[in-house]
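S.K.: The chain contents come next:
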Amino acid sequence: MPAQRKKPKVAVWKFASCDGCQLSLLDCEDELLAVADAIDIANFPEASRAFEKGPYDISLVEGSITTPHDEERIHRVRRMSRVLITIGACATAGGIQALRNFQDVEEFISAVYASPQYISTLSHSTAIADHVPVDFELRGCPINKFQLVEVINAFLNGRKPNTPAYSTCIECKRRGTVCVTVAHGTPCLGPVTHAGCGAICPSYNRGCYGCYGPMESPNTASMSGVWSKLGVDRDGLVRAFRGFNAFAEPFRRESEAHERD
Amino acid sequence: MDATRRGIQTEIVLAATDLDRLLLALKETGYRVYGPTVEDQAIVYGELDTAADLPRGWTDEQDGGIYRLKKRDDAAFFGFAVGPHSWKKYLFPPEVKLWSAHAKAKGFEIEEETANPQKMAFLGVRACELAALGIQDRVFLQGSFVDPVYRSRRDGLFVVAVNCSVAGGTCFCVSMNTGPKAESGFDLSLTEVLKNGDHYFLVSAGSEPGREMLARLPQRPAETEHRQSAAAVVENTAAHMGRTLNTEGLPSLLAGNLDHPRWDEVAKRCLTCANCTMVCPTCFCSTVEDVTDLSGDHAERWRKWDSCFTMEFSYIAQGSLRSSARSRYRQWMTHKLSTWHDQFGSSGCVGCGRCITWCPEGIDITEEAKAIREAPQKTGGKP
Chain A
2 MPAQRKKPKV AVWKFASCDG CQLSLLDCED ELLAVADAID IANFPEASRA FEKGPYDISL
62 VEGSITTPHD EERIHRVRRM SRVLITIGAC ATAGGIQALR NFQDVEEFIS AVYASPQYIS
122 TLSHSTAIAD HVPVDFELRG CPINKFQLVE VINAFLNGRK PNTPAYSTCI ECKRRGTVCV
182 TVAHGTPCLG PVTHAGCGAI CPSYNRGCYG CYGPMESPNT ASMSGVWSKL GVDRDGLVRA
242 FRGFNAFAEP FRRESEAHER D
Chain B
1469 MDATRRGIQT EIVLAATDLD RLLLALKETG YRVYGPTVED QAIVYGELDT AADLPRGWTD
1529 EQDGGIYRLK KRDDAAFFGF AVGPHSWKKY LFPPEVKLWS AHAKAKGFEI EEETANPQKM
1589 AFLGVRACEL AALGIQDRVF LQGSFVDPVY RSRRDGLFVV AVNCSVAGGT CFCVSMNTGP
1649 KAESGFDLSL TEVLKNGDHY FLVSAGSEPG REMLARLPQR PAETEHRQSA AAVVENTAAH
1709 MGRTLNTEGL PSLLAGNLDH PRWDEVAKRC LTCANCTMVC PTCFCSTVED VTDLSGDHAE
1769 RWRKWDSCFT MEFSYIAQGS LRSSARSRYR QWMTHKLSTW HDQFGSSGCV GCGRCITWCP
1829 EGIDITEEAK AIREAPQKTG GKP
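Taken in sequence, the protein lines are chains A and B.
Residue numbering for the first sequence follows the numbering used here, starting at 2 and increasing by one per position.
Residue numbering for the second sequence follows the numbering used here, starting at 1469 and increasing by one per position.
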């Protein structure tokens, strides 16, 4: 048998997020015991109150930076982590809460909170990589649990993770799904969206919502042209590109191009 | 013909109501039968149990980026053009495990995949698809290396061709000289005839297993009238091609226009989504992914369909060679229509039209070639 490795110390960190991505780790079911066996979980509040101090071999970071406090905290996490992996659309693109980036946050605060003076927040929700160097970004809203295991696995075995950045169309075609745009006239973001989910929505006759963000070479202008021909108006285009990855650069630019003054 | 002299028919008439007998005969001979069937508002390829699984009474309308399933006003079994799937999914599977490895006290042990798939019969292979099969045979079987995955599936394949009775909106097999009549490469070929209330198939054998299969079918002798009607079906299809492509001097024309401004035009439209390559019945590129389990004691190598439209496809040290959409579309189209000739001695395009129909943006390879021909920068070059 191969030499017993020292188990890497892994910490899971939450920033502005819904917890769905880190819960993917608990959702691993069949793989969970193997994962728990292969790593030493030093910090994972969703799973256990146990906490071990750093430094950590791997930090899995979920969520975006939305407060001055978190802006500081992410630097501490980075300093304590040999490898920092961001998981999910919040951590890699700012998440759905990045919709604030297109509006005036002060206005929201005064409208929503009875005592707005207690609210300390940033004007923008931003990706972790906008603040600290990130070693690997795992896309998705939520992430695919098999991809999460693949990333941990690749790290443990010193290899490159298999998380291709090509379009979701390739996943559709490999599984034999009929193209919903061509055969049904359904608007679908698949051609500009990063693969990874396994092309779930088109297999249920729905268009892709772009949960995995922009693919490696997204032609968003041509995509908008396709959607326009299918009858989607400018407001519809703005909404399409303003989903969970609204602030990912190619999607942000495309939604702004269709915004009415 | 020898077979005819020995009293074995090579051409018969099969009543449409007896088509099920062909499926039955194939299954009795040990084949799994695959063919066209309706799924998710398209005609795809899947496993067939009886003739009732066929898209009887259905047809399709196709144009750049558009496919619509429509009802026919008759009960034709094969009254449609090719759909989103091609037969390559059975012979060159989209994802296949090549081998697995297990760690030992010293080194590791490799376990090869010894898949021995059940014999397959393809029912409803069109002439353009036979040409595509021939091209993939050349790539996977006739080069310096034989692909064992393809070989194990291709050996013993029984092919039932169908001569096309309708031309799809994006079909151009006549231009590519690949159809609409299946000339060779099949075991049986069918021409469906609906005429004056009569509905039958003219069935021809193209091989010894085909002749044996023919003998198992209920039949009427094929008369001149049946042959004429069948020929008229194919002629009518040939006269109604949705697209045309002028192939005269095309390989050198494209080779001489690698800096043509048209490549910039098409790059503005191209989504680099790779759909054209996935649906193409001749595209044969694959990538391998190595996976390990968490312990690192077990590893597997998987082969998956790849595409020249991905960045990683041309990734070498320092980055991707073809980072622009322009270079990727140009690579794909010039390979199909130009450099394929140098590499494999034929065009890589069979005129099935799938890349036109299934491009969400409707980019049309025949239009692109035409645009360059109409305003060439150079009239020719060394391919």
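Just so you know, these hints were derived from the structure itself, not from any lab.
One thing to keep in mind: the hints can contain errors.
[Stated by the list, open to error] No more than 30 Å apart at the CA atoms, straight line, and that leaves these computed lysine-lysine pairs for DSS-like:
| id | chain 1 | residue 1 | chain 2 | residue 2 |
| --- | --- | --- | --- | --- |
| 1 | B | Lys1587 | B | Lys1649 |
| 2 | B | Lys1574 | A | Lys10 |
| 3 | A | Lys146 | B | Lys1772 |
| 4 | A | Lys161 | B | Lys1495 |
| 5 | B | Lys1572 | A | Lys10 |
| 6 | B | Lys1587 | B | Lys1772 |
| 7 | B | Lys1772 | A | Lys161 |
| 8 | B | Lys1838 | B | Lys1649 |
| 9 | B | Lys1649 | A | Lys8 |
| 10 | B | Lys1538 | B | Lys1649 |
| 11 | B | Lys1663 | A | Lys230 |
| 12 | A | Lys161 | B | Lys1663 |
| 13 | B | Lys1565 | A | Lys146 |
| 14 | B | Lys1572 | B | Lys1495 |
| 15 | A | Lys161 | B | Lys1539 |
| 16 | A | Lys15 | A | Lys54 |
| 17 | B | Lys1495 | A | Lys7 |
| 18 | A | Lys7 | B | Lys1649 |
| 19 | B | Lys1572 | A | Lys161 |
| 20 | A | Lys8 | A | Lys230 |
| 21 | A | Lys161 | A | Lys7 |
| 22 | A | Lys230 | B | Lys1736 |
| 23 | A | Lys230 | B | Lys1587 |
| 24 | B | Lys1495 | B | Lys1649 |
| 25 | B | Lys1557 | B | Lys1538 |
| 26 | B | Lys1557 | B | Lys1772 |
| 27 | A | Lys146 | A | Lys54 |
| 28 | B | Lys1539 | A | Lys146 |
| 29 | B | Lys1736 | B | Lys1539 |
| 30 | B | Lys1539 | B | Lys1649 |
| 31 | B | Lys1557 | A | Lys8 |
| 32 | B | Lys1539 | B | Lys1587 |
| 33 | B | Lys1495 | A | Lys230 |
[Claimed, not checked] To give a feel for the contact side, a few chain A residues facing chain B, derived at Cβ under 10 Å:
| id | residue |
| --- | --- |
| 34 | Lys146 |
| 35 | Ile153 |
| 36 | Cys170 |
Backbone N, C-alpha and C fix where the C-beta goes; we use that ideal spot for every residue, glycine too.
S.K.: Look at each hint and say if it fits the structure.
M.R.: Going down the list of hints, with the structure as the test:
| no. | hint | in the structure |
| --- | --- | --- |
| 1 | B:Lys1587 <-> B:Lys1649 | holds (26 Å) |
| 2 | B:Lys1574 <-> A:Lys10 | holds (28 Å) |
| 3 | A:Lys146 <-> B:Lys1772 | holds (21 Å) |
| 4 | A:Lys161 <-> B:Lys1495 | violated (45 Å) |
| 5 | B:Lys1572 <-> A:Lys10 | holds (27 Å) |
| 6 | B:Lys1587 <-> B:Lys1772 | holds (23 Å) |
| 7 | B:Lys1772 <-> A:Lys161 | holds (17 Å) |
| 8 | B:Lys1838 <-> B:Lys1649 | holds (26 Å) |
| 9 | B:Lys1649 <-> A:Lys8 | violated (64 Å) |
| 10 | B:Lys1538 <-> B:Lys1649 | holds (24 Å) |
| 11 | B:Lys1663 <-> A:Lys230 | violated (40 Å) |
| 12 | A:Lys161 <-> B:Lys1663 | violated (62 Å) |
| 13 | B:Lys1565 <-> A:Lys146 | holds (21 Å) |
| 14 | B:Lys1572 <-> B:Lys1495 | violated (44 Å) |
| 15 | A:Lys161 <-> B:Lys1539 | violated (50 Å) |
| 16 | A:Lys15 <-> A:Lys54 | holds (16 Å) |
| 17 | B:Lys1495 <-> A:Lys7 | violated (56 Å) |
| 18 | A:Lys7 <-> B:Lys1649 | violated (66 Å) |
| 19 | B:Lys1572 <-> A:Lys161 | holds (23 Å) |
| 20 | A:Lys8 <-> A:Lys230 | violated (54 Å) |
| 21 | A:Lys161 <-> A:Lys7 | holds (20 Å) |
| 22 | A:Lys230 <-> B:Lys1736 | holds (16 Å) |
| 23 | A:Lys230 <-> B:Lys1587 | violated (45 Å) |
| 24 | B:Lys1495 <-> B:Lys1649 | holds (26 Å) |
| 25 | B:Lys1557 <-> B:Lys1538 | holds (25 Å) |
| 26 | B:Lys1557 <-> B:Lys1772 | holds (11 Å) |
| 27 | A:Lys146 <-> A:Lys54 | holds (26 Å) |
| 28 | B:Lys1539 <-> A:Lys146 | violated (42 Å) |
| 29 | B:Lys1736 <-> B:Lys1539 | violated (36 Å) |
| 30 | B:Lys1539 <-> B:Lys1649 | holds (24 Å) |
| 31 | B:Lys1557 <-> A:Lys8 | violated (42 Å) |
| 32 | B:Lys1539 <-> B:Lys1587 | violated (33 Å) |
| 33 | B:Lys1495 <-> A:Lys230 | violated (46 Å) |
| 34 | Lys146 | violated (14 Å) |
| 35 | Ile153 | holds (7 Å) |
| 36 | Cys170 | holds (4 Å) |
Checked against the numbered hints listed earlier, the structure breaks hints 4, 9, 11, 12, 14, 15, 17, 18, 20, 23, 28, 29, 31, 32, 33 and 34; every other hint is satisfied.
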